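**Student:** Taking the hints into account, I'd like the entire structure generated from these sequences.
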Amino acid sequence: MALISFGIYLAFVFLLALLANRVGKSKPFVSEYFLGSKSIGLWAFALTYAATAASGGSFMGFPSLIYTHGWVLAWWIAGYMVVPMIALGLLAKRLNQVGRIAGAITIPEMLRHRFNSQMVGNLATFLVVFFMFFFLMAQFKAGAEIMATLLEGVPVYQKLVVGVESATAGLPWIGNARADYLLCLIVFAISVIVYTTFGGFRAVVWTDVMQGIVMGIGVVVMLVLVISQVGGLGNATRQLDEMTPPKFVSVTIASEAPVEKDLRLPRGEWLLVKGGYEVIRLGSAATIPAKSEVSAPVDALLITTPAERDRVKRRIDADLKITASMASEPKGYAYGEDKKGVYVHAPGPHRINPAGFLGVMLALSFFAFWNFSGAGQPSYMVRQMAFRDTPTLRRSMVMVAFYFSLIYFPLVIIFTCARILLPGMEIYPDRVMPEMANVLTQNAGVPWLAGLLVAAPFAAVMSSVDSFLLLVSSGVVRDIYQESINPKASEKQIKRLTYIVTVSVGVLGVFAVLHPPEFLQDLIVFASAGLGACFLMPMIFALYWPRTTPAAMAAGMGSGGLVILILYLIGYLQTREFQEYRLFDLHPFIWSVIVSTLCLYFVSRSTPAISITLRERFFGKEQK
Amino acid sequence: MEESQEGSIEEPPVEDLAASFRQSRKEFWFMVMTWVAFAAWTLGFNFLFAKGEEGEAVEVVFGIPKWVVFGIAIPWMIALGLTIWFAMFYMKDTDLGHTDEEYANEKGEA
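The listed protein sequences correspond, in order, to chains X and S.
Last residue of the first sequence: 624 in this note's numbering, with the numbers rising by one and none dropped.
Last residue of the second sequence: 734 in this note's numbering, with the numbers rising by one and none dropped.
Since the hints were made in silico from the structure, they are not lab data.
Careful, some of the hints might be misleading.
Said to hold, decoys possible - Covered by chain S, per the in silico footprint, the following chain X stretches (three or more residues, Cβ under 8 Å):
1. 97 to 104
2. 207 to 216
3. 265 to 276
4. 340 to 347
5. 383 to 391
6. 400 to 410
7. 417 to 431
All values derive from a computational prediction rather than experimental measurement.
Cβ atoms here follow ideal geometry from the backbone N, Cα and C, with glycine treated the same way.
**Tutor:** Laid out in structure tokens, this is it:
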């Protein structure tokens, strides 16, 4: 049933792409395909903006962080209280105006005209394409993981997975990918590439509107279900106050007698520890070989909260003649081990960091990050170039403010409560959202609703990936081919090339993400920080300070991106993981903004100003 | 006004700048100050109260930890109200220029 409702949702997405294609046929191709002819109205502008912002990170990565660290995530996300005003208002009006004066379709094109500099435009194109590609990878991974969760128990899908596994075995790069992930990745990528290529910006905006509505409904329904199923929010918070973080342990699995054939226990299986007091959850699959009684040691999660342990014990099959024995000393969290109250107070438990999840300097970093990195994202900027008039902008700001309030704070409530309904999700935290959808709807006796709830994060991922796809292809077609290689290209040539590039970028994205990093949110934060670092301060200077020079723009964009790359490289060298280095506990984004601002100011002061004609065009009384 | 190269200027006088640009710049600074005010509230309050007392049960208001209510939920609601006021009363409408459709229509009429 869940699959059917999910299928209906997907069918609507394709229908909208078809309609968008028909509407756009009578209009000039480039402006229509990449910017919807700059005529996006209130609902479309507000919801396309909100849906693009609420990406896979909001619906997959964010819930997993709430689940893992508790109520402190309300502080982590608190910057969103002013995001609708800042991220939408800071640049939108000037950006739209300057974009129209320049006759620009893309951000690099707008910058090229603003400074009459090919170098500025080319650098902007390179930076957009480079960082945006990491975003694409993250969204592709999220989309594939959601599909894999949804389809897990479907027999046809299981057969297809086996088929894919045997078909790809031995192939270089592809053959090493998980077969279920690969299958879902291909299906997801084809769906998004097809509707984006077919319908262009208008299709992306229209599907965003539908996806925005689905996300909103999904969150509200989950909120109602979760509060009723945990016996009220106050009850849930008090239970959470009693919880202590789980421990990580190595276990062996034993049966009462030798098994006749290999006995495989899947990842996620709950087992009693010998003696019957402790419970563990398998972090990876365990196998007891034929004619044997004991498995090799495997990773597992040890539950430490008594009430949680009792709840889990009731679920374990009493007839199961298999138990676990600890093969190593249980290892607790670096911050929060055996400590009650860590899930309802700051800084929140952390597995590795002894200072906890969120200190005040990091909270400050994120309060700035959500607002200013948001304002500096080219995918949002391009939408700010597309709204029709200022009343549309003003009303959209109000709508987005209500929408974000409806989404983000309730998500914190839903996924703090998730700890009570879904224990032991630390073994695969990125799956907590779809798992919650399944559990909530099954408990409520409406399993078909799971399809709609899972459609919410899926919608978030789709609405982000389509925008990024379009942005990368516009960078290649408009800013490189049309601007530098063939300025006299006919509309037919541009159209053909646009389709080819959109498909190629999508296919390249699929190949790049066959072996993705473990944590989705890491990729998203890196790409957001990189784009924000490259474009936020340069764009503010370009729009609000007439004295800014082309050399300063190049220095501002280049230095911002470079600081992010260097601090991530140091982080990687220190931890051998995809982690940023936080100088004085501040996120690299803050340092990049500081360096970029200094470069913009001092290079502007030390290089010749732009011509009077150019200044008059963009800042003078008679702007034209 | 200082000439730095032929046909270029250092800083244009304010009266030479478009009124729409000056209005946008005023709104820009309002938004920056708003961010500073809300950052100070949430960071200051939560720095003082979000840690809780060792061994004491969490204080709950409307089912939510008390520090979240006063350090995040209430400023969030005020920010929502301020955003509505800013968008509906403070931000001024500006002529942004022609959309592509309007250009196309004008061309058609000509």
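**Student:** Provide an ascending list of the numbers of those earlier hints which the structure does not satisfy.
**Tutor:** 2, 3 and 7
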